[in-house]
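At position 22 of the sequence shown the residue is numbered 21 (numbering that gives the first Met the number 0), and the sequence of numbers has no breaks.
Worth flagging that the hints you see were computed from the coordinates, not collected in a lab. One should not assume that every hint holds.
[As the list claims (entries may be wrong)] Pairs of lysine to any residue, SDA-like flavour, derived with a Cα cap of 25 Å:
{"no.": "1", "residue 1": "Lys23", "residue 2": "Leu45"}
{"no.": "2", "residue 1": "Lys23", "residue 2": "Ser42"}
{"no.": "3", "residue 1": "Lys38", "residue 2": "Val12"}
{"no.": "4", "residue 1": "Lys23", "residue 2": "Glu43"}
[What the hints assert, rightly or not] DEER-style ranges, computed between Cβ atoms:
{"no.": "5", "residue 1": "Val5", "residue 2": "Ala37", "range": "28 to 36 Å"}
{"no.": "6", "residue 1": "Val32", "residue 2": "Glu9", "range": "13 to 21 Å"}
{"no.": "7", "residue 1": "Val46", "residue 2": "Ala19", "range": "16 to 24 Å"}
{"no.": "8", "residue 1": "Leu45", "residue 2": "Arg22", "range": "20 to 28 Å"}
{"no.": "9", "residue 1": "Met0", "residue 2": "Val46", "range": "30 to 38 Å"}
{"no.": "10", "residue 1": "Val46", "residue 2": "Asp16", "range": "32 to 40 Å"}
{"no.": "11", "residue 1": "Leu36", "residue 2": "Asn4", "range": "14 to 22 Å"}
Even glycine gets a Cβ: it sits at the ideal position worked out from N, Cα and C.
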Amino acid sequence: MMRTNVTLPEELVREIDRVAGRRKRSQFIVEAVRERLAKLRFSEALV
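All chains should be built: construct the whole structure from the sequences, respecting the hints.
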């Protein structure tokens, strides 16, 4: 695992914490990014 810093809008962080819990924030973001990348790869494969 690699540590990185990102800046997110405060309301987005509050929403992530609401659905995932503060202690699961990083895990939620990792899963969301993986899902988005998979969708992008799929879209690129169709072109």
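If any of the earlier hints don't hold here, list their numbers in rising order.
The structure breaks hints 1, 2, 4, 5, 7, 8; every other hint is satisfied.
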